[in-house]
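Visitor: Sequence:
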Amino acid sequence: MIANQNPNNSCDKGIKLGFPAFSVIIAFTIFMIVGIAITPLISLRLEPSGFLNSITINFNWQKASAEMVEHEVTARLEGALATLKGVKKISSSSYTGGGYVRVDLDEHSSVNQIRYEAAILIRQIYSKLPIGVTYPVIRVNQPLGQGNKSVLSYTINGRGNLSEIQRYAERNIVPTLAQLNGVYDIRIYGGNQYNWELQYNSSDLVRYRIFPDEMVSAIDKYFKEYELGRVHVDNYLSGDSEYRYLKLRARRTDSIPWGSIPVKKIGGGIVYLGDIAKAKYVEQKPGSYYRINGLNAINLIVYAAEGTNYISLAGEIKRQMEQLKKSLPGDYSIVLSYDSSEHLKKELDKIIWRSLCTLAILLLFVFIVSRQLNYLLLILISLVANLLLAFILYYCLKLEINLYSLAAITVSMGMITDNSIVVIDHVRHKNNLKVFLAVTGSTLTTIGAVCIIFFLDEQQKVNLLDFAWVMIVNLGISLLVALFLIPALLEKIPLPQQRLSLMIRRKRKVVKWNRFYSLFISFNCRFRIYYIIVLILIFGLPFFMLPAKIEQKDFWGAKMYNATFGSSFYNENIRFGAEKWLGGTLRLFISQPGRFDYGNNSHERTRLTVNISMPKGASLAQMNRIAVDFENYLSQFKEIEKFQCKVNSGQSASIDILFHEEYDEGVFPDFLKSELETKAIYTGLADFTISGVGQGFNNQVNTQNANYSIVLQGFNYQELRNWAEQVKDILSENPRVDKISIGTERDWSGRKLDDEFVFRIDDNDQLLVNNVSPRNMQAAFNDFSADKRPAGSIFYRGNYIPVVLVPTKPTSTIWQVMNEPVQADSGAYIRLNGFASVDKEKVEDKIFRENQQYQLVVNYNFIGDHFFATMLSDRVINRIKVNLPFGYTIESATVNFWRGSEKKLAWTIFLTIAIVFMVCAVLLNSISQPLAVIAMIPISFIGVFITSYFFDYRFDEGGYAAFIILCGVVVNAALFILNDYNNLLKDQGHKDKLTLFVKSYNSKIIPVILSTVSMIIGLIPFIIYSKNDVFWYALAISTIGGLVFSMIAVLVFLPMFLKGIGKKSRKFKLIKNRL
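Position in the sequence shown (from 1) plus 483 gives the number in the numbering used here.
Derived by calculation from the structure, the hints in this document are not laboratory data.
Note that beta-carbon positions come from the ideal geometry of N, C-alpha and C, so glycine has one too.
It is possible that some hints are incorrect.
Said to hold, decoys possible - Lysine-lysine pairs mimicking DSS-like chemistry, simulated, CA-CA at most 30 Å apart:
| hint | residue 1 | residue 2 |
| --- | --- | --- |
| 1 | K704 | K747 |
| 2 | K1211 | K1364 |
| 3 | K995 | K913 |
| 4 | K992 | K1474 |
| 5 | K881 | K546 |
| 6 | K768 | K704 |
| 7 | K1121 | K1162 |
| 8 | K704 | K730 |
| 9 | K704 | K546 |
| 10 | K1222 | K568 |
| 11 | K828 | K1125 |
| 12 | K1542 | K1482 |
| 13 | K1162 | K748 |
| 14 | K707 | K747 |
| 15 | K1364 | K917 |
| 16 | K1032 | K1211 |
| 17 | K1129 | K801 |
| 18 | K730 | K707 |
| 19 | K761 | K747 |
| 20 | K1222 | K546 |
| 21 | K761 | K546 |
| 22 | K1469 | K995 |
| 23 | K707 | K801 |
| 24 | K992 | K1542 |
| 25 | K1329 | K913 |
| 26 | K704 | K829 |
| 27 | K730 | K763 |
| 28 | K1364 | K1474 |
| 29 | K761 | K707 |
| 30 | K881 | K833 |
| 31 | K995 | K1329 |
| 32 | K1211 | K1329 |
| 33 | K546 | K747 |
Unchecked claim - The following label-pair restraints were derived from C-beta to C-beta distances:
| hint | residue 1 | residue 2 | range |
| --- | --- | --- | --- |
| 34 | S610 | V1365 | 20 to 28 Å |
| 35 | A565 | T512 | 55 to 63 Å |
| 36 | G562 | V1365 | 25 to 33 Å |
| 37 | D687 | I621 | 38 to 46 Å |
| 38 | L1394 | E653 | 47 to 55 Å |
| 39 | V1365 | V1241 | 54 to 62 Å |
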């Protein structure tokens, strides 16, 4: 073998780092050992545990109307929360039985600090809220599809009734499990609590002229604790003194003297509770049902806190439950009914295995290409060092290993290998570090592209935040490894030289290729303008996004647009052809319906969900009978592992169905869904929505769909409601308008409104004449409805037991409500039908408010042309706006095509390209060269468009990440070549630019091709094994498509975009004559 004696092609002497190579290697080795020690401390999850910068306060008020909830609870909470600093927006929704308030914070506010301050405010105002309102719960909002999820479910069986078993679990099991680190909540379903029922006859209340709220107030006063202050107490035994607080409360005994509680003083006597009511300690009727596999049992469900390692927590809970089983009563048993950690473990193992396959393929590829063990060893050491050093920063920055961070690690391995190959190749052949600028530039452009994630909307940012940070950390460390560790290793692990004969043959091939490539570039540059036009047409012009007409007359360009692109001639004769032939691959990419879907991805196992809904008025027992019927039907299928049923109320229920692992990916889920659809069709009384696999099923008949809406906002709900009624009346005058409804949101899909009886006072003067107060009216309706009324809770037998008032009178009919006598304040009896009426209407049972402004939306269906519909809407709005008071607004709810996920994606890409351009401009000290560099990005996007169209996959966060990665990666090849090109221009500026470009191309094209191919090969396992997986398939196939076209961009279009290359010259003629 003849060794090459050229010192420029040898690494024997090494390069000067400023530090001894041995010291550099020892320093990196120490950090790698620290990384190994820290690795087990890093949180391991399937999904990210990020929180949105907002909180939601939820509360319930059983059977209270939306108006009462809004006036008595929501408005008070919203007013208190509005005083918090850093609040960007407050929105609330009040509905029958409860409500919530959402507080969005600005980017400078700490969500934990705001949650703490909100808790203080709620504690201050809770005592002023009506009795029966549950204590408001504060939760930090999380991305869709995420949250505190159940880790384990246990079924507890034993002799005795379910209530006794539940009390045992609450006293002996829950406290022990709650002490475990990472347990967020423990819920028990299946048992019914006891309560005190105070049964009264409404005729007794009328005789004593006592209202139910007076009974509630008397009970509250009797059992209320009063703070009397604190006293100074001396301890004579110890000689110390201390302060103790004094409280005044009723004596707690096993028997409660209900009959001795005073209610009201009338004349010279006192009416006691025993005179008007009877107390009974009874078991509550079920307010909901929760069953697993159709069995009525006590189900204990453990929820994990965010940021917790689910797998390790599940192991701790199992070990603790094994200890608790030893102390169970003889006839009690605990069975593990569901373990979500097993699925998480399998998913993580699958992803980690694929990532290891990627690493193995990368190393195998490097060895096949280099055929040198030393070269392979250098790449392997650089990868391991990079990852172990990155683990240290993961721990310091509190990053977690999840689906998205594993994707970042997998993708970054190709980029780390890229940097290592370039530096090894450059140092090996040129024995200097002039490649530093190119490596730094390529890394910074990728980091700059990834940084765009921090500018996304909150929902997407939370999902991809770990992806961004892991990419930034890995790429930043790869710079240190490539520029310090690799040169030091090259001194200790020298690479063998090529044989001189092989080098001569290689150079001959390079010379022949250079002649052809130089001629190819010169020929292309002569037709540069035609290439650019063809490239633009292949990419596509967005003519298909142009609206048929701009309706906003006040828009400055509306008149010109409507005369050209909005004209009838263009729309009828030109539009179709222009969209088809000028839309290019961009039209193929965007025009696919439902392609863009971010934020709703689930990484859980295959499941079917059956949602059941019934109209208002349906009872819990009726809904439960339908649910039981479906449970009995499901119990015959052995392929089902578990189905859990939740009957929340008479209006809603759901059944979640999980399958045995061997049937998850088979045809059975689709078969069962088809069978359930058939059963739902033949089941009356309820509406069904079945989803999970295939196309969603919904048997709801929505006849209230509206194609136009008018939005009103104001600060007084009743007055705003009156204005909405006026809009409704005006619209009803037009014969082309039907299906008018008033709601709180735009209704494009046709939501089904519930029927309600609306009570209206037709003659307000009659209320004064008959001396009827609102209190009389409320008491009368409570009496007619015969609803239970919460009266607080008392401490009894070691627990707080609810107290409810129960009228003995049965529920009245509408006729009885309007015709039975009602006692007025004067003592006289009147009938409501003399001055009031009851109508059955479809109404919205929610009240929505945003930033102290109520919102109502009048939805209606217009039959006819869009132009006439717009005229009608404008006429109605102008008619109302003239008389609208200050502080109220009215506008039309228009549909904007250029909105949603497509808009977010486009603006994000534009901003990413701008960031890459600025980084390149600084590094290259030029404006024209960065333009040539970023021109590689849209060419690579053509590959994404084509693969997305032909492979027809859902473009979720994986595709989004692929776009961001390509914006940073595809410019790397151009930067490496341009860095050598600029260095040659400085040293050999007298030579032809085409010759210098080809020379720089020869210097870097091999490592560029190797790094690109290695990245493509590394993603292949995720295409083969992740076809049905969320995120991975879209990420891998989109990135591969873009990388393939990026090579075409570098080979063909990069020299055409550079200034001064390809001009006809003596050099060009010489090359042509030689060929």
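Visitor: Okay, which hints does this one fail, numbers in order?
Guide: Numbers 5, 10, 13, 15, 23, 25, 26, 28, 31, 34, 39 - these are the hints that the structure violates, sorted from lowest upward.
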